[in-house]
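Visitor: Please work from the sequences and hints to get the whole structure.
Protein chains in written order, with this note's numbering: chain E, 1 to 483; chain Z, 1 to 284.
Some clues are possibly wrong.
Computed from the model, here is a short list of chain E residues facing chain Z with C-beta under 7 Å [to be verified]: (1) Leu371; (2) Arg375; (3) Ser379.
Pairs of lysine-lysine residues, derived as BS3-like cross-links and limited to a Cα-Cα distance of at most 30 Å, are as follows [claimed, not checked]: (4) Z:Lys206 - E:Lys389; (5) E:Lys389 - Z:Lys237; (6) Z:Lys56 - E:Lys384; (7) Z:Lys97 - Z:Lys56.
None of these hints come from the bench; they were simulated from the model.
In this text, all values refer to a predicted model and were calculated from it rather than measured experimentally.
For every residue, glycine included, the Cβ atom is placed at its ideal position computed from N, Cα and C.
So the chains spell out like this:
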Amino acid sequence: MHSLWQGKAPIYEALQKYKSMRVLPFDVPGHKQGRGNPQLTEFLGEKCLSVDVNSMKPLDNLVHPVSVIKEAEELAADAFGAEHAFFMVNGTTAAVQAMIMSVCKQGDKIIMPRNVHRSAINALIISGAIPVYVNPGVNKLLGIPLGMSIAEVQKAIQENPDAKAIFVNNPTYYGICSDLRSITELAHRHNMHVLVDEAHGTHFYFGENMPISAMAAGADMSAVSMHKTGGSLTQSSFLLKNGRLSTGHVRQTINLTQTTSGSYLLLSSLDISRRNLALDGKNIFQKVSALAHYAREEVNKIGGYYAFSTELINGDSVFDFDHTKLSVYTREIGLAGIEVYDILRDDYGIQIELGDIGNILAIISVGDRELALERLVSSLSEIKRLYMKDKAGMLDHEYINPTVVMTPQQAFYSNQHSVAITNSTGYICGEFVMSYPPGIPILAPGERITEEIIDYITYSKAKGCFLTGTEDMSVENIRIVEE
Amino acid sequence: MELWYTEQHTDSVRFSIKVDKALYSGQSEFQRIDVFSSLEFGVFFTLDGLMMVTEKDEFIYHDMIVHVPMATNPKIKNVLVIGAGDGGTVRELTRYKAIEHIDMVEIDKMVVDVCREYLPQTACKLDDPRVQLYFEDGLKFIRSKENAYDLIVVDSTDPFGPGEGLFTREFYGNCYKALKEDGILVNQHESPYYKEYAKSMQRAHKRIREFFPVCRVYQAHIPTYPSGHWLFGFASKTYDPLTDIDEQAWNDLGLKTGYYNTEIHKGCFALPNYVKELLISADE
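Guide: In C-alpha cells, the structure reads:
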C-alpha cells in the first residue's frame, strides 16, 4: 500500500548513530547530555537527556531539511497519503496557523465554522484575514455543535465568492465529521483552498472503517495532532499537504513562527510513532474501536447516561462519526458534564479529556487497556448511584450565533479597556473567553457581547468549567474595544 | 547447584526460599504464573514474582479471611468471592453447611487451572455444587449486582497489576450496592509495615470507611508475605465483629482450624499503636 518501506525511522536511526559515536559536545543545549543537570536527568532519565540535542549536520535541520528529516518527511507523507508532510514541534496550533497564513493575507476572507479551536482565530489575528462564519448547527438533545452542512457552505461561497479558503474541523472534539469530499469538490470548483483541522483525526489515516481523512478527500492541507491519538509526545504534530500548494511556500510560512531549535525528542517521537502506525496501525485501531464500542455498550447499560455514536449520522451536518470517541451525555442524571468530569478526577482518580455543560469525553487510544475501561464504567455507574438528581434548572446550550463587528485583528489591536463581564452587554469584545478544554471560544475578539453570552459564561463558571482567554486571570473582567 | 526464589519486599529488602524444583512457568493474558516446590514451605505459587500461596502457611490467611465474618454472622447464605484463584477461600467457605451459594469471580482462568494441577490442597473444593466460577474482572461482575450477597470476600493480589481495580473507590461502592442490608465485606488489606504496602493499606481503609458504617481492621501473622504482618478489612452495614460474634454457635459447629479460634477473633482486632495511627491518618 505504501510506496516506501515504512520500517525505516531515519531521525531515530540518526540519533542512535549519534549516541554511539560518543561525540564531545561543545554546542547547545548546555546541559550537555544531562551532565549539567543531574536532578533533571534523574527525573527524565539519562536516555532521554542524551538525545536532547541541537541541529547538526548528521541530524539535519528542521528549518531547512536536506537529509534525515527530509527522508522522514517523505516517509510520513507516504504513510499519510499526502504529497508532503511537515514535522511540527510547536503543536498543532502552529500547524493550524501555518495553514491559514499560507493561503490568507491581510483582508482575505476565510469561511469557517464558529466552533473552531482558538488557534484558528489566533491565526486570523496574526494574518488579518476575515472570518466568514458558518453556523454549524447544534444537536438539540446533546447541545453539541455539528459539522458543516453542504447547504450552509454553498451559501457562504455564494455570498463570498472572493473567499480564499474553507476551514473545516474534522472530526470535531466530539467526533462529528463533515462531508469533506463534497466540501472539497465545491471549494475547488470555486477556486478556494480547503484547510482541515484534523487534530483529532490521526487514526483516520491508519484504521479501517474510519471516516475519510482529509488527504484522501483531496483537501489542500491538514493539521494532524499525532500526539493526541497517535502516540507521539505532547506538542508534536504533522502538517500534511496535497499538490495544489507549493511546499516551499508553506515551509517559509511555517518558519515565520516555528522555533529554529526543533526538539529531537519531539521529532524522533513523530518518526517512531509514524513507523508504528504505518506498520501496525490497522491492528491498533481495530483494538481501539473494539474498546470504545464495548465501553459505549456498558455505559448505555447503566441507564441515564447516553454514550452516542454513529446513530447520529444524518448524511449532512453529521456526515460521519468517529466511533473511537467515547462521548457521553450526562444531563439526564441531573449532572453537567463538567461536574461528572470533576467527580471522576477528585473522587475516583480518573482524568478524562473534557466535560462541558451536557457531556463528557474520554479519549481511547493506542495506550488503553480493558481493565482501565472497567474502572471508568464502574465509576460512572457509582456517580449515578450516589449523585443523581433532578435535571430541572439545567441550562441546555444552544449555538449562539456571533455578531462579528470587526475582524479579530482589528479588535485585538484596537484601544481597549477592562469592564466587569456582568456589565459588558452591547460592547465589542477585545479578547477571547473559552472553556478549556475544548478551547472553542465562547467569545472571540471583534464580536458583540450579548446578555445570552454573559448568562452562558456565568453558568459555565458556576458549574466549574475552567474558563480561560481573558487577560484577567480570574475571568471577572473583560477587555472591550473602545468605539 | 542451588536454586533460590527471591522476592523483593522493598527496594532494599529481599526474602528468599530455597527451591527444590521449578514445577511450572507460564504467562497468562494478565500476569506471569510460577509454581515451585520447596523443602520448607512445600509447593508455592507466585504471580509476577510476588508470593501468593504456600502449602505450609496458607491456612493462616484462609482461616482469617473466612472464619472471622462467618463467626460474626453464621446465617450467611450467599457469598461472593473475588479473586482467590488458588481456591483456598472457597475451600474454607464450603465447610459451612448454612452457605447455599458461592459465586467466585477470578479474572485469570489460567491461575485456577494451574492451581488445580499443582495445589490440590487449596483448589480441592472448586467443584463443590454450590460453587459457581466466573472468569472475568471482579469490578465488571459486581457492577450489575444489587442487594444480592450476605458476604463479599475480596481475596485479591496487590494493587499494582490486574488487582488494581479491586482497591478503588468505584469497586468498594459497587460492593456496598451488591451487599444486602446486613451484608459484610472482608478484604485482603495489605501490610502496615513497609511504606509502599502501608500506603495501599491506608488508601483502601479510607475508601471503605466512606461507604460502610462499621469498618474495622484485623491482623494475622503470615510468614511468607512482606514483613509477615498482614491485615484484613472487615466492613459491614450492621454487624460488628466484636459485639456480634456468637462464640457458642461457632464453636458448636466443631470446625477444626489451624489458626482461627474465637479467642483469636476477639484479639485480632487489637492493633499496635503505629497501625492505629496509620489508620487514623489515612484521610490525610
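Visitor: Would you mind marking each hint as holding or not holding in the structure?
Guide: Hint check:
| no. | hint | in the structure |
| --- | --- | --- |
| 1 | Leu371 | 6 Å, holds |
| 2 | Arg375 | 5 Å, holds |
| 3 | Ser379 | 4 Å, holds |
| 4 | Z:Lys206 - E:Lys389 | 26 Å, holds |
| 5 | E:Lys389 - Z:Lys237 | 24 Å, holds |
| 6 | Z:Lys56 - E:Lys384 | 45 Å, violated |
| 7 | Z:Lys97 - Z:Lys56 | 26 Å, holds |
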